[in-house]
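**Student:** Here is how the chains run, residue by residue.
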Amino acid sequence: MIGYIKTYQPELKMKDLVRYNAYYCGVCHAIKKDWGQIPRLTLNYDCVFIALFIDSFKQEQLNYENFRCPVHPVIKKKKLLYNESLEFTADINVYLTYLKFLDNIKDEGGFKYKSGEKYLRKLAKDIEGKYPDLVSTIKDYMIELHSLEESGSDNLDEVSHCYAQIVRDICIYQLKKLNIESDILSLAGTTAYNLGKWVYTIDAYEDMEEDIKNNSYNPFLKRFDYTKEESLEDFKQRIFDRATFILYSPLQNAATSYGEIELIDDTYIDPLLQNILYEGLYSVTEKILEGEEKIGKK
Amino acid sequence: MARNDPYSILGVNRNDDDETIKKAYRDLVKKYHPDKYSDTDLKDLANEKLQEVNKAYDDIVKMRKNKDFGYSYDQDTYSGSFSQVRSHISRGAYQEAENILRSSSNRNAEWYFLRGVIFQKQGWSDQAFSYFERAYQMEPSNMEYLTAYNQMKNTARTYRSNVYGRGYSSADEDFCRLCQCLLCTSLCCR
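Top line first, the protein sequences correspond to chains E and W. Residue numbering for the first sequence follows this note's numbering, beginning at 1 and increasing consecutively. Residue numbering for the second sequence follows this note's numbering, beginning at 1001 and increasing consecutively.
Chain E with its partners taken away, still in its complex shape (with noise of 0.2 Å):
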């Protein structure tokens, strides 16, 4: 369940694009730096999110350094410098794919998961011993949404609030160390809360061709009854409307929280998050109801 919050480039700001790019090569760099090379292809964008969400609270002077990347050799980047919030990031990109990895072994099995969770999970271990309280608080959701998906639970908002959980929790570790007042740090909260929830959710219907195919559990597949008999196209057709609100709600609430934040202090308020909360999501929502690609990846 990663990779779909995004920016939308055709209405984003030169600077703000900037702004993103190193904040990608940031966190993909403090993972190098702190984990090794291996790590970095599990960079994802949701992670690069957190990690814009969070500092975008802090506001503080930011530090760029160009560099060559090896992916891209002939331009030249621009990254963010290791800082503070990037560690942080990094350490939780690691784990979170971690956790996805052992997802993927319930759901499918396979080589490929089994060798890359066991060479993770030594990782895994060290971000354990570095924030055992939050870490802990995560695998206590972990659990939880694995007894749910076990016992074929039909509650979509119980099951996604669990993953809604763990991204709250860890936006909410960072935000509890900067001095901002507590209605701002639960909007903030409310904000992730929802955006977690729009993750598991999407990521949830995106997959119901795969979970059909391999008779695992998916949530909405529960919900609206779904039977052998019907094909995916009538069952997305019966359930359109419905799963038009369940996409979409997740998305207005995330809207009110972070428009309330506006309304009580503004500077807080950054275009590029704007950009991503609206514009973004919209248009990854709407692909995604409209069948055309696959946007998350495994």
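It cannot be assumed that every hint is accurate.
What the hints assert, rightly or not - Selected chain W positions facing chain E (Cβ under 8 Å, derived; list incomplete):
(1) Lys-1062
(2) Met-1063
(3) Asn-1162
(4) Arg-1166
(5) Tyr-1168
To be verified - Covered by chain W, per the in silico footprint, the following chain E stretches (three or more residues, Cβ under 8 Å):
(6) 153-164
(7) 182-195
(8) 248-254
(9) 277-285
Hint data in this document are derived by calculation from the structure and do not stem from the laboratory. Everything numeric in this text was worked out from a predicted model, so none of it was measured. Positions of the beta carbon are idealized from the N, C-alpha and C atoms, including for glycine.
With the hints as your guide, set chain W onto chain E.
**Tutor:** Here is chain W on its own, set in the frame of chain E:
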């Protein structure tokens, strides 16, 4: 006054008291009630207006209370049987409110509505939708339930209109890639 100013949408003054604003809001909700319009075009238009009015009222309540978002639940205005639940909800004490509802055997329309509100406040929208729908079906003439139910039905549309209101155009993202490509080439040649 700005076009989006919630006070001018409701046709009230900034200094008016809560009661006046609530009255203006209620009058507008009655005026734009979709049941009054049989013609579909008009109905859509009325529905849009209703959304705008709902949002304006919500914004004012938000701005005035600052800590307490959403509808305002005054015990004196609503004489329903769950006034205690409403007061818990308005304080944000959802667990207490939920506990009272769970132990209550009186499962009327208001019971479903209030559970819906609690779900909605916690971001459990799919559940909230079902509960609001049930409340509305049990008591279709109740404005409060109808408004909540319509708000759910229009969620996607509200979000879309927010996005388009910000100037979103569904440009082909491939063009962006093309631009980037050209930009890169020009950077290389410099």
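**Student:** Going back to the hint list, which numbers does this structure go against?
**Tutor:** Violated hints: none at all, because every hint is consistent with the structure.
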